[in-house]
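Q: With the sequences and hints as input, model every part of the structure.
Here is how the chains run, residue by residue.
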Amino acid sequence: MLLALLSSVLDAAPAVVFAAVGATLSERAGVVNVGVEGMMRAGAFGAAAAALVMPTPLGVLVGVAAGALVAALHAWLCIQGRSDQVVSGMAINLVMLAFGQFLLEAAFSSPAGTPAITQLPKWFGHSPLTWLAIVLPFVVHLAVTRTPWGLRLRAVGEKPQAVAAMGVRVTRLRFGAVVLSGAFAGLGGAQLSTAVLDHFESHMPSGLGFMAVAAMVFGRWTPLGAAGAALFFAFGDALRISLASSAPGLLEVVPQGVLLALPYALTLLVLSLQRRGAARAPAALGQPYDPELR
Amino acid sequence: MRRALLLMLLVAGGCKKSSDAKDAAPKPALTVGLVTDIGGRGDQSFNDSALRGLEVWAASASFKGGRYEAMAPATREAMIPAALKARVTPVSLKPLVVQSKVQEDYQPNLQLVVDQGADLIVGVGFALENAVEAVAKQNAGAKFLLIDSPILDAKGAPQTLPNVRTVVFREQEGSFLAGALAGLVAKQKVGFVGGMEIPLIKKFEAGFRAGVKTTNPGAQVLVQYTGTFDNVQHGKQVATDLVAKGCEVVFHAAGSDGTGVIQAVKEARAAGKPVFAIGVDSDQSHLAPEAVLTSMVKRVDLAVWQAIKDLEGKAFSAGDSVMGLKEGGVTLAEVTLDFPGKAEALAKVKALETAIISGAVVVPSNEKDLEGFVAPAN
Chain A
1 MLLALLSSVL DAAPAVVFAA VGATLSERAG VVNVGVEGMM RAGAFGAAAA ALVMPTPLGV
61 LVGVAAGALV AALHAWLCIQ GRSDQVVSGM AINLVMLAFG QFLLEAAFSS PAGTPAITQL
121 PKWFGHSPLT WLAIVLPFVV HLAVTRTPWG LRLRAVGEKP QAVAAMGVRV TRLRFGAVVL
181 SGAFAGLGGA QLSTAVLDHF ESHMPSGLGF MAVAAMVFGR WTPLGAAGAA LFFAFGDALR
241 ISLASSAPGL LEVVPQGVLL ALPYALTLLV LSLQRRGAAR APAALGQPYD PELR
Chain B
1 MRRALLLMLL VAGGCKKSSD AKDAAPKPAL TVGLVTDIGG RGDQSFNDSA LRGLEVWAAS
61 ASFKGGRYEA MAPATREAMI PAALKARVTP VSLKPLVVQS KVQEDYQPNL QLVVDQGADL
121 IVGVGFALEN AVEAVAKQNA GAKFLLIDSP ILDAKGAPQT LPNVRTVVFR EQEGSFLAGA
181 LAGLVAKQKV GFVGGMEIPL IKKFEAGFRA GVKTTNPGAQ VLVQYTGTFD NVQHGKQVAT
241 DLVAKGCEVV FHAAGSDGTG VIQAVKEARA AGKPVFAIGV DSDQSHLAPE AVLTSMVKRV
301 DLAVWQAIKD LEGKAFSAGD SVMGLKEGGV TLAEVTLDFP GKAEALAKVK ALETAIISGA
361 VVVPSNEKDL EGFVAPAN
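For the record, the sequence lines run as chains A and B.
For the record, in the first sequence the residue sitting at position 229 is 229 according to this note's numbering, with numbers rising by one throughout.
For the record, in the second sequence the residue sitting at position 333 is 333 according to this note's numbering, with numbers rising by one throughout.
In case anyone wonders, no lab produced these hints; they're calculated from the structure.
Just so you know, these numbers come straight off a predicted model, no measurement behind them.
Each residue gets a CB set at the ideal place from its N, CA and C atoms; glycine is no exception.
The reader is advised that the hints may include incorrect statements.
Lysine to any residue pairs mimicking SDA-like chemistry, simulated, CA-CA at most 20 Å apart [claimed, not checked]:
#1 K155(B) / G319(B)
#2 K273(B) / L239(A)
#3 K202(B) / V253(A)
#4 K245(B) / L239(A)
#5 K273(B) / E252(A)
#6 K202(B) / E252(A)
#7 K189(B) / W123(A)
#8 K368(B) / E252(A)
Stretch by stretch, here's where chain A covers chain B in the computed footprint (C-beta under 8 Å, at least three residues) [what the hints assert, rightly or not]:
#9 31-43
#10 216-223
#11 234-240
A: And the structure:
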């Protein structure tokens with residue numbers, strides 16, 4: 001029972017973990033990233049389409065690149081174009097939704113999904129990406145808190161002018177952070193199409209990108225917090241599913257809708273228990289960098 | 001969007017004309033329009049089934065690269081199930097298909113087809129109910145066919161319009177057969193995965209449970225709803241859980257979530273567990289030939305073809321119709337997989353089908369009727 005629960009979490013969480021950890025990078029650098037959904041979609045499609053003609057692990061890398069490419073567009077709009085970051089992110093989501101469908105119909109003449117690919121192999125019962133999702137948040141945590149790059153990244157999201165005064169190029173640093181964030185989202189998307197399923201399905205990622213953004217906020221803009229929140233969401237879902245099937249009698253007392261709301265109710269509960277004031281967004285979040293300002 | 005569609009239509013119309021001239025075929029007497037829901041062409045489910053009824057079964061044409069080509073009779077025959085081959089005859093007509101991309105397209109698209117002078121306009125899916133109602137009221141001279149929903153008034157009560165035929169399906173009857181087969185294949189536990197918990201999906205659940213109860217009264221049915229119709233990950237998670245709890249057959253009525261359900265069963269089989277999935281709406285065995293036992297098929301194609309045939313014979317009538325096993329509206333896809341005792345199991349399912357068609361067995365369509373359901377003696 002408990003093992004099954006754990007296994008369910010390990011299968012379901014990675015996509016959101018990758019995307020949420022990625023989103024922290026972009027936002028810590030001061031660029032709002034609500035385009036995670038679209039970047040995940042690009043990753044999921046890219047990985048599945050590439051895996052048709054090459055080994056699946058290479059396909060995953062193509063998915064990562066696809067996510068990064070879409071993020072580069074977001075970065076260009078937000079940093080060079082200084083456009084509204086939320087609007088740009090939402091636009092990316094909408095464009096990718098339609099563009100994915102267009103590519104499906106144009107390249108595979110099937111709006112339902114791509115043909116089947118070879119699924120990623122399983123290591124100890126789970127895909128390699130699951131194990132990567134456990135290690136990666138710690139790596140990113142160390143990078144953000146213990147390296148010069150991490151210090152600059154955090155500073156650029158708080159007081160970019162100060163960082164510029166120290167001789168660091170703000171736009172380049174931000175651009176890199178957003179692209180990296182897209183690469184992570186692409187990896188999350190690729191996990192959906194190469195490990196959860198064995199093809200790209202036309203609805204992917206069906207809202208998981210927004211879950212990732214929520215996990216990032218819930219995790220207070222820290223890599224470990226975001227990953228923890230993503231795991232927590234997955235745990236709530238797994239608990240709900242497991243409860244319904246292990247105690248069928250329960251459904252006669254509790255309506256199914258209450259169980260469906262369980263993950264969200266748990267989230268509210270934890271949010272209400274969090275210390276106040278500790279959750280603070282980066283100070284320069286959402287503001288385009290203007291070197292003229294002081 | 002509307003103008004773009006019109007342009008596409010005009011182009012398609014132009015192509016059609018030139019190919020007509022080349023073949024010197026007689027000008028078709030009828031024009032039949034069809035408006036898809038947002039699923040559109042190629043959804044491998046509802047819309048494709050309706051398009052098959054119109055384009056292949058009736059018009060015997062294939063749609064390639066934006067135009068229609070005449071289809072060889074042998075190709076057409078191959079796309080009609082064996083039981084219907086003799087009945088389903090071609091009709092001389094010109095199809096006029098408009099795909100909807102967003103919900104706001106439904107009404108303008110229907111009006112567009114009316115303006116093109118279509119003799120019959122097919123609206124595919126319950127999502128078009130409001131649009132069909134509005135357009136039918138504005139164009140009293142045009143005839144409409146609405147699939148999967150009656151016309152509802154503002155309070156949600158069914159009403160009839162003098163120029164609209166509606167078709168709904170008795171999904172519970174097909175699901176009953178799926179349940180009966182599942183009960184025969186499984187020993188102790190079977191699973192049901194629904195999408196959103198709405199009355200339509202409840203019909204599937206009630207029928208399925210009654211079927212299991214009939215052939216395997218001791219079996220436990222585990223029921224799960226994913227709460228969505230478009231999240232494959234939820235479907236897979238739910239099905240993985242059901243398989244881990246010991247379900248030997250899992251039936252889904254969960255739209256795209258079902259892709260995840262079938263994937264979970266496929267992976268469990270690869271890991272050595274003897275478990276099967278049962279698909280829904282169309283034959284889903286192509287998703288995982290080794291794991292999909294059968295599918296509960298809704299014959300939307302037949303409903304569309306029948307309306308066109310009635311129109312040709314001047315016998316088209318408005319009003320609500322219901323298609324169940326008897327009318328061929330629902331059915332089980334052919335079982336190609338082997339399992340122990342297959343011949344007897346299929347014979348038993350066949351006998352139950354006969355009993356439902358004759359009216360000896362009435363399949364429950366909701367939870368309340370299910371409680372009062374008494375399994376027929378075997």
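Q: Each hint should be assessed against the structure and marked as holding or not.
A: Verification of the supplied hints:
Between K155(B) and G319(B) the alpha-carbon distance is near 19 Å, which keeps this suggested pair within the 20 Å criterion. Between K273(B) and L239(A) the alpha-carbon distance is near 23 Å, which puts this suggested pair outside the 20 Å criterion. Distance restraint check for K202(B) and V253(A): the Cα-Cα separation of roughly 18 Å lies within the 20 Å cut-off, and the hinted pair is therefore satisfied. Between K245(B) and L239(A) the CA atoms are separated by roughly 14 Å; this keeps the pair inside 20 Å, and the hint holds.
In summary, the hint linking K273(B) to E252(A) is not supported, as the alpha carbons are separated by about 30 Å, beyond the 20 Å threshold. Distance hint between K202(B) and E252(A) is fulfilled; the C-alpha atoms sit about 15 Å from each other, no more than 20 Å. For the hint linking K189(B) to W123(A), the alpha-carbon distance of about 29 Å lies beyond 20 Å, and the restraint is violated. The hinted pair formed by K368(B) and E252(A) meets the criterion: a straight-line CA distance of about 13 Å does not exceed 20 Å.
Under a criterion of three residues with beta carbons nearer than 8 Å to beta carbons of chain A, the stated coverage of the stretch 31-43 of chain B is upheld, 5 such residues being counted. Here the stretch 216-223 of chain B counts 3 residues with a CB under 8 Å from a CB of chain A, which clears the bar of 3, and the coverage holds. Coverage of the stretch 234-240 of chain B by chain A holds. Counting CB-CB distances below 8 Å, 5 residues qualify, and the rule asks for three or more.
When held up to the earlier numbered hints, the structure conflicts with 2, 5 and 7 and fits the remainder.
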